[in-house]
Amino acid sequence: MTSSSSPSRKALSKIACNRLQKELAEWQVSPPSGFKYRVSDNLQRWVIEVTGAAGTLYAGETYQLQVDFPEHYPMEAPQVIFLNPAPMHPHIYSNGHICLDILYDSWSPAMTVSSVCISILSMLSSSPAKQRPQDNDRYVRNCRNGRSPKETRWWFHDDKV
Amino acid sequence: MFGNYGQRYIVLTEKDINERQEEDIGKVSAVLSIRREEACVLLHHYKWNISKLSDEWFADEEKVRDIVGLLLNGIDLPNSRKLTCGICFEGYSSDVMSSAGCDHFYCHECWEGYISAAISDGPGCLSLRCPDPSCGAMVLQNMINKLAKDDDKVRYARFILRAYVEDSKKTKWCPAPDCTCAVEFVSDGNYDVSCNCKFSFCWNCTEEAHRPVNCETVSRWILKNSAESENMNWILANSKPCPKCKRPIEKNQGCMHMTCTPPCKFEFCWLCLGSWAEHGERTGGFYACNRYESAKKEGVYDETEARRERAKNSLERYMHYYERWASNQTSRQKAQADLQKAEKEQLAKLTDVFGIPETQLKFIIEAWSQIIECRRVLKWTYAYGYYLDDKVKSEFFEYLQGEAESGLERLHQCAEKDLQSFLTVRSDNTEPAPSIAEFGDFRVKLAGLTSVTRNYFENLVQALEAGLEDVHSTAQGTTSSNATNIPSKKAVTKGKTKKQLPRTSSDNSDEGWPCERCTFINPSSVDACSVCDKHRY
Ligand SMILES: [Zn+2]
Ligand SMILES: [Zn+2]
Ligand SMILES: [Zn+2]
Ligand SMILES: [Zn+2]
Ligand SMILES: [Zn+2]
Ligand SMILES: [Zn+2]
Ligand SMILES: [Zn+2]
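Taken in sequence, the protein lines are chains A and G. Note that UniProt numbering gives residue 102 to position 102 of the first sequence, counting from 1, and the numbers run on in steps of one. Note that UniProt numbering gives residue 348 to position 348 of the second sequence, counting from 1, and the numbers run on in steps of one.
Hint data in this document are derived by calculation from the structure and do not stem from the laboratory. The beta carbon of each residue, even a glycine, is placed where N, CA and C say it ideally should be. Any given hint could be a false lead.
As the list claims (entries may be wrong) - Straight-line Cα separation of at most 20 Å, EDC-like style, residue types lysine to aspartate or glutamate; simulated pairs:
| no. | chain 1 | residue 1 | chain 2 | residue 2 |
| --- | --- | --- | --- | --- |
| 1 | A | LYS14 | G | GLU90 |
| 2 | G | LYS362 | G | GLU395 |
| 3 | A | LYS150 | G | GLU109 |
| 4 | G | LYS172 | G | GLU19 |
| 5 | G | LYS417 | G | GLU343 |
| 6 | A | LYS14 | G | GLU109 |
| 7 | G | LYS169 | G | GLU416 |
| 8 | G | LYS15 | G | GLU208 |
| 9 | G | LYS362 | G | GLU469 |
| 10 | A | LYS22 | G | GLU23 |
| 11 | G | LYS153 | G | GLU109 |
| 12 | A | LYS22 | G | GLU90 |
| 13 | G | LYS198 | G | ASP167 |
| 14 | G | LYS172 | G | GLU14 |
| 15 | G | LYS172 | G | GLU228 |
| 16 | G | LYS27 | G | ASP167 |
| 17 | G | LYS349 | G | GLU395 |
| 18 | A | LYS14 | G | ASP178 |
| 19 | A | LYS10 | A | GLU71 |
| 20 | G | LYS341 | G | GLU323 |
| 21 | G | LYS149 | A | GLU26 |
Claimed, not checked - So the derived label-pair ranges between C-beta atoms look like this:
| no. | chain 1 | residue 1 | chain 2 | residue 2 | range |
| --- | --- | --- | --- | --- | --- |
| 22 | G | ASN73 | A | SER115 | 44 to 54 Å |
| 23 | G | ILE50 | A | GLU49 | 22 to 32 Å |
| 24 | G | ASP66 | A | THR56 | 55 to 65 Å |
| 25 | G | ASP150 | A | ASP41 | 36 to 46 Å |
| 26 | G | CYS179 | A | GLU49 | 18 to 28 Å |
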């Protein structure tokens, strides 16, 4: 398994630590359906298994999300990518980067890992076709030096899909 | 300095902008019966267009409130209940929590972080909403002032100030570095404005003021310069070899008349490296080195042949214009420094030596201000000339430009060199100190040159802005009354045999006589020009 960019990142702040512990505790009581947290002692990087919802193009398929938290989470958005292989989807690049506004400009500290997961599953579920974004090759080439998707100036695809 | 500005534009200081904003906010909050901070976000949303805001508000208040996120009735804080903060998930007593008027309560530490993150993202913080993704409640300035860190409050207020200027179609920031003024453009007409900080700029394109050329020419010229910048670097060099003795000569003064150091003492023109003496002969006037064609023929140094070879090259043509454009820019900067020196030291010194009050030395300041302005205009005439592709107009244009250049050169030299003799204190008493009478003569000469040059340049700007239309119309001989003092094309053509120089005011000979060489109007009582000593007959 190739995990893309492992950002050299500052340790979590106290606020971020407290909040993540609460999120994790809440997750263990009631995880969002379709998701499974892969147990680890690294609070700053979560790996989550997602299973495609029944009746959708991805039914029964399993993918892995990697969630990295910045020092000032939740004031700053987490970095969320799919680990290889990423699902074929018009908003998901072959390097795992996801074009979804709440992960970047529209992030709010009132959102949680759980609410992000639900948004990603709903994005998968509404996909009309298993295909890559049109600009996939160009984008992935530009990201070669381990650039984080958070450094991309996203120009969001229409949100009907 | 040029014509009557009237009230074409208004310079706004930060204080002025603040007052205007407060006035608008007060007006809106009174008319709409809303709180000050609500009026502020509404105005920001409507780009400070009060009439559009009030029209839409009174047409459908609910819709406007919905778009902007202004809740009609704030939620009352639940009395000291224990609540969970929606960001840090900690429990708090409700009296240490706040909401944006909705029912999403967050602790004050989280608010502070939330606001801080938004403010460091930029002016978008002016439309900051409640953190809850499903809620659009606007975070108003009173919330910011209550919950943000002190420096964030200041930054937020600055964003409001900036938005006022940047949102309005009628105001722009002064582009001078470190200047905090804005300029409101009131009427139409020419776009040159002059800020309180003394920087003159074109309000339309915010480049440095560039009359008489238009914004389009300026941006073409700037683009051209950056494309050619490598070729041009050597031109900007401040030292050139003396054309006679080949020793490098440093240009440290504003005018183009160079004199090599002894024993050579060769006098030459910085621009074309031609002998200064020949310059006068060639142009019939005092100094002019603007003609592209003639400049090429005058080369008198080693490289002449090589230069002729390259003459056909278009780069050569561009270089001709560019070097003169850039030299005037450099001269202008030098003049700006000289003006400061005059203001800071020289006037006081002259007052000391001659006992003349500083108020009566204003003519020196006026001269320098005029030189600065004229260098700017002259500089841009080279961009004008570069893009002028009408053969008849070009000839006329170069004649006018040459006259302007020689007039300005005379003024610049007078301010730069003549003044110096009154400032050099000879402690060893080897030479008699200049007398007060001599200083009086200097005053007459400098003030005269200033006024002559001012008139000439004002007319030049007008003529160029009018696209030199007179050239063709007067060539047909239809009009004879030329409002400007600039001679018609006819006069120029005739002037080839007998130079006819522009008049500086009416032809009324009772008032005095215009000098044939420098155009200064002399009183009838003198027979030799008070400025250049040329004899009247
Ligand atoms: Zn909190
Ligand atoms: Zn809310
Ligand atoms: Zn300014
Ligand atoms: Zn302009
Ligand atoms: Zn020499
Ligand atoms: Zn010359
Ligand atoms: Zn004269």
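Hints, verified against the model:
1. A/LYS14 x G/GLU90: holds (13 Å)
2. G/LYS362 x G/GLU395: violated (38 Å)
3. A/LYS150 x G/GLU109: Given that 20 Å is the threshold and the Cα spacing comes to 25 Å, the pair is violated.
4. G/LYS172 x G/GLU19: With a Cα-Cα distance of about 17 Å, the restraint between G/LYS172 and G/GLU19 holds, given a limit of 20 Å.
5. G/LYS417 x G/GLU343: Holds, at about 17 Å.
6. A/LYS14 x G/GLU109: holds (13 Å)
7. G/LYS169 x G/GLU416: With a Cα-Cα distance of about 43 Å, the restraint between G/LYS169 and G/GLU416 is violated, given a limit of 20 Å.
8. G/LYS15 x G/GLU208: Violated, at roughly 25 Å.
9. G/LYS362 x G/GLU469: violated (37 Å)
10. A/LYS22 x G/GLU23: At roughly 48 Å apart (the allowed maximum being 20 Å), G/GLU23 and A/LYS22 break the hint.
11. G/LYS153 x G/GLU109: At roughly 15 Å apart (the allowed maximum being 20 Å), G/GLU109 and G/LYS153 satisfy the hint.
12. A/LYS22 x G/GLU90: Since the Cα atoms of A/LYS22 and G/GLU90 sit roughly 9 Å apart, the hinted pair holds (cutoff 20 Å).
13. G/LYS198 x G/ASP167: Violated, because 25 Å separates the two Cα atoms, which is more than 20 Å.
14. G/LYS172 x G/GLU14: holds (12 Å)
15. G/LYS172 x G/GLU228: violated (31 Å)
16. G/LYS27 x G/ASP167: holds (19 Å)
17. G/LYS349 x G/GLU395: violated (46 Å)
18. A/LYS14 x G/ASP178: Violated, because 40 Å separates the two Cα atoms, which is more than 20 Å.
19. A/LYS10 x A/GLU71: Distance of about 6 Å is within 20 Å: holds.
20. G/LYS341 x G/GLU323: Measuring from Cα to Cα gives roughly 27 Å; hence the hint is violated.
21. G/LYS149 x A/GLU26: Violated, because 31 Å separates the two Cα atoms, which is more than 20 Å.
22. G/ASN73 x A/SER115: 44 to 54 Å: With a Cβ separation near 28 Å, G/ASN73 and A/SER115 fall outside 44 to 54 Å, so the hint is violated.
23. G/ILE50 x A/GLU49: 22 to 32 Å: Check failed, 56 Å falls outside 22 to 32 Å.
24. G/ASP66 x A/THR56: 55 to 65 Å: violated (34 Å)
25. G/ASP150 x A/ASP41: 36 to 46 Å: holds (40 Å)
26. G/CYS179 x A/GLU49: 18 to 28 Å: violated (58 Å)
Checked against the numbered hints above, the structure violates hints 2, 3, 7, 8, 9, 10, 13, 15, 17, 18, 20, 21, 22, 23, 24, 26; every other hint is satisfied.
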